[in-house]
Amino acid sequence: MQFAIERVDVPYVAGLQQLTDYAEINEVLRSRSFVQGAFDMSAPHFLTNSLLILDGPEHLERRRMEAHLFSKTALAAYKADHLEPMVDAAIADLRLEAGAGVVRVDLVPLLRQMLCRMVAKIAGLDDVELGEPANRLASYVDKFGAGMTVEWATADQDRIIDEGLAARAEFERDLFRKPAARRRALVEDFRAGGIAREELPKDLITLLYLHWQEDWDDELPLRETTALLVGSMQTTSQATQLFVLNLFSWFADHPEDRARAEQDPEFLRRALYESLRLFVASPVRIRRATEDVVLASGRQIAEGERVGLLYRAANVDRSLFGDDALSFNPHREVEGASPWGLAFGGGMHACLGRPLVTGIASGEDVTDGTMLIIIRRLLAAGMELDPHHPPIPDDSTFYDAYASLPVVLRSL
Amino acid sequence: MSPRAEVDAGRCEAMGFCVQVAPTVFALEGARPPARVVATDLSDEQLEHVAEAEDMCPAQAILLRS
Chain A
0 MQFAIERVDV PYVAGLQQLT DYAEINEVLR SRSFVQGAFD MSAPHFLTNS
50 LLILDGPEHL ERRRMEAHLF SKTALAAYKA DHLEPMVDAA IADLRLEAGA
100 GVVRVDLVPL LRQMLCRMVA KIAGLDDVEL GEPANRLASY VDKFGAGMTV
150 EWATADQDRI IDEGLAARAE FERDLFRKPA ARRRALVEDF RAGGIAREEL
200 PKDLITLLYL HWQEDWDDEL PLRETTALLV GSMQTTSQAT QLFVLNLFSW
250 FADHPEDRAR AEQDPEFLRR ALYESLRLFV ASPVRIRRAT EDVVLASGRQ
300 IAEGERVGLL YRAANVDRSL FGDDALSFNP HREVEGASPW GLAFGGGMHA
350 CLGRPLVTGI ASGEDVTDGT MLIIIRRLLA AGMELDPHHP PIPDDSTFYD
400 AYASLPVVLR SL
Chain B
0 MSPRAEVDAG RCEAMGFCVQ VAPTVFALEG ARPPARVVAT DLSDEQLEHV
50 AEAEDMCPAQ AILLRS
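If you read the sequences in order, they're chains A and B.
For the first sequence, position 355 (counting from the first letter as 1) is numbered 354 according to numbering that gives the first Met the number 0, and the numbering increases by one without interruption.
For the second sequence, position 50 (counting from the first letter as 1) is numbered 49 according to numbering that gives the first Met the number 0, and the numbering increases by one without interruption.
Derived by calculation from the structure, the hints in this document are not laboratory data.
Heads up, a few of these hints could be off.
To be verified - Short, incomplete list of chain B residues facing chain A, as computed with Cβ under 8 Å:
id	residue
1	12
2	14
3	18
4	40
Said to hold, decoys possible - Every beta carbon over 10 Å from chain A, so not counted as near; a handful from chain B, in silico:
id	residue
5	1
6	3
7	13
8	28
9	37
10	38
11	42
12	44
13	45
14	46
15	64
16	65
For glycine and all other residues, C-beta sits at the position ideal for the given N, C-alpha and C.
Only chain B is shown next, with the shape it has when bound in the complex (with noise of 0.2 Å):
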């Protein structure tokens, strides 16, 4: 299986890191929590930006799982 993004909604505050800097991965709704994951099948620098997503969350709601 190939890694992929996920947000542990009971975690997400929607501070908006993850879609800062990882927008085509993740969106926010209404600055609503949780953060949603809008791809699948991530590429290389996707994948980068998800792993600087999940350093960057302080709720620590993002997870890379390969």
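Next up, chain A with everything else stripped away, as it sits in the complex (with noise of 0.2 Å):
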């Protein structure tokens, strides 16, 4: 759902201070001034204690453990043994039913199918492969990702909430109970003496129970198991998704940077960064004063008083981004900010997934990150968009979203 840029005019963030200037809204994102002020109808519901809503020594503590899943050699193993892997069998299958022709897929679903063996190998999920156990990863991951965001539904919030909480606790049965008891008895195993710190699994739900602390309640590695499989499967595929509009967009215009798409990698990289910068997922960030502060422009804001950061008017400054910063190109060159703007936010609730989506960025070692990877795959298999089935946006949430995203691919 689109909105206006300078202002967002949705029920929960109404009466709020909106901040659209980008170095004011970067200042409050790593200012300590500042705590996270959303989540407040979701977070008693689905995320209470968890990383996305704590702040001060115990969001650094949190992250400092959680970091250990987004090291580089994690990173390289959760490219080239789960997701690639998982890119390449869902175009296999894809080529069985094709047979000689093109086939007619839905981007939306193909994408949770190629990114869930990776996001439930971080998370710490067992025998989440192709098929049936995706899909069902994917449903529950839909239903409890709209309750964590339910304060941007555009239907009623309270039958929103009750569904996620349904979803969670099926998917607790389902694909959560087993894998989280075994990683419980290993960790024993280890304090025990039992085994080596190296034979435990290098996932979250592991780093949890080796970590626990006395005050958090047992169902916490649930919930934030919940929150990582939210940001790191809805958002991705939702930022993908728009990746694929912008780039056909493009191609209309610039028949002639189809072929570069495929021949120079680094067309596709700025490409990706460009629409990144396009990219929101949640309309407004929202944070809290813990005391009065007057920003660098003279602005004042109060001690408790929430703010509201449009990410998506600060990455379209014209001063930063060009006259034409409303606009998708990925010929873009950028100084003075990163080429994705704020799409990753910034300070210390920066997206902690980031370089698993973007890869490497720069420098002499740089790699694909996810989104790259499932691209230049699908453009490989000659992709294309449905010119009869447009795509269908996802009128359930103000999430830049889309209900299905029909592509054909003539390649396979």
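Two chains, two frames, some hints: make the complex.
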């Protein structure tokens, strides 16, 4: 759902000061005088004591622990051992289906299929493979993801919370309980000297049991796991959908770049960063001031006041991104800001999984992240938008998401 | 040569994780990038913290060179 750039008028943020200036937003994100101010409706049900809503020393400690999941070694293994095989397997399945012809497929469920094993591995869920298990996981993530972002729902919010809780309970029985119990037992075995640290799985659930705090409740691993699944599966999937739409809109006006997208790795990398700049998952990020603050611009924010941060507005700042900042332009040169702007936030709540999504973005050791790995393979498979079936926006949320994005693959 | 910490100035966005987990090794002036390395001859504890900072930095700007 598209908003006016300068102001978001939905009930959840009505009455908040809304910041649109890049420098002001950056200052708030990096300031110690602000804490997480969103998720007030969803957090009591879905996010209590989870990384997303913690602040201060507790947040830093949790983040330190979870950062092990995103070390360079771990990232390389996720991609090589879990993402690429799943992408190849999904395309191989489509090739079988296609025979000698083209195949039509909805990119929304296809992306979830491709991402499922990798995100399951990061979380610590076993045996989530292509097909039915991946579909079940995606369905659960959709429902409890809607619950976690219920502040932005366009439909009955109580119903969405109830459905999210029911989906989470089913997920717990179906995909979480057994692997969590196994990991808990392994950690106990490690503590008793039965196995070495190196023999423990390297995933979120194991880390939580390994670093268990006395004041944590038994459901914390479930909440933290479901939050990670939403962040890594749903947001990546939504950003990839928008990337595809931006790319093909560009190709329509610049057909010479269609071939370049396959032949020049750097072109597609820049195109991805440009698309991320224009992607907005949550329409407004919210922070709460813990004391009276005067920003460098002179703006005053009172203690306890919540402010809305409009990344989309900041990301089309003409002084940083040029006069055509509202447009998608993969040839854009950006100085003085990240090419994706504030897409991953900043400061202590910056997106934990950013390196997985972007890969190593600059320097001599540049690598592809998840979205590029997927899109490179789909372009090589001859992906085009389905001319007969336009994309269908997801009208159940104010998020920038699609319910359906049909494509055809012509070179399987 | 003993292991040393480096900051890739081109990648650093001054998010501050390095300063939080390894305050005796990294410093940020005025929250502006790039962070600076302020220690050499790192102790084992400092090396451990630099390794953590390397994993935590969302911009992947911290490098532990051996």
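Do the hints match the structure? See the list:
For the restraint placing residue 12 of chain B at the interface with chain A, the shortest Cβ-Cβ distance is roughly 7 Å, inside the 8 Å limit, so the hint holds. Against a cut-off of 8 Å between C-beta atoms, the interface hint on residue 14 of chain B holds, since the closest Cβ of chain A lies about 5 Å away. Restraint check, residue 18 of chain B versus chain A: the minimum CB separation of about 11 Å is more than 8 Å; hint violated. Against a cut-off of 8 Å between C-beta atoms, the interface hint on residue 40 of chain B is violated, since the closest Cβ of chain A lies about 24 Å away.
With a cut of 10 Å on Cβ distances, residue 1 of chain B stays outside the contact zone with chain A, its closest approach being about 21 Å. Every C-beta of chain A lies more than 10 Å from that of residue 3 of chain B, the closest at about 17 Å, which supports listing it as non-interface. The Cβ of residue 13 of chain B sits about 7 Å from the closest Cβ of chain A, inside the 10 Å cut-off, so the non-interface label is violated. The Cβ of residue 28 of chain B lies farther than 10 Å from every Cβ of chain A, with a closest approach of about 13 Å, so its non-interface assignment holds.
The claim that residue 37 of chain B lies off the interface holds: its Cβ sits roughly 20 Å from the closest Cβ of chain A, which is beyond the 10 Å cut-off. Chain A leaves residue 38 of chain B outside its interface by the beta-carbon criterion, the shortest separation being 19 Å against a cut-off of 10 Å. Annotated as non-interface, residue 42 of chain B keeps its C-beta farther than 10 Å from every C-beta of chain A; the closest such distance is 19 Å. At the 10 Å boundary, the C-beta of residue 44 of chain B stays outside the reach of chain A, the nearest C-beta of that chain being 14 Å off.
The beta carbon of residue 45 of chain B sits about 15 Å from the closest Cβ of chain A, which is more than 10 Å, so the claim that it is off the interface holds. No beta-carbon of chain A comes within 10 Å of the beta-carbon of residue 46 of chain B; the shortest separation is about 15 Å. Look at residue 64 of chain B: its CB is around 13 Å from the nearest CB on chain A, clear of 10 Å, so calling it non-interface holds up. Taking the minimum C-beta to C-beta distance to chain A, about 14 Å, the non-interface status of residue 65 of chain B holds against the 10 Å cut.
Consistency with the previously given hints fails for numbers 3, 4, 7, ordered from lowest to highest.
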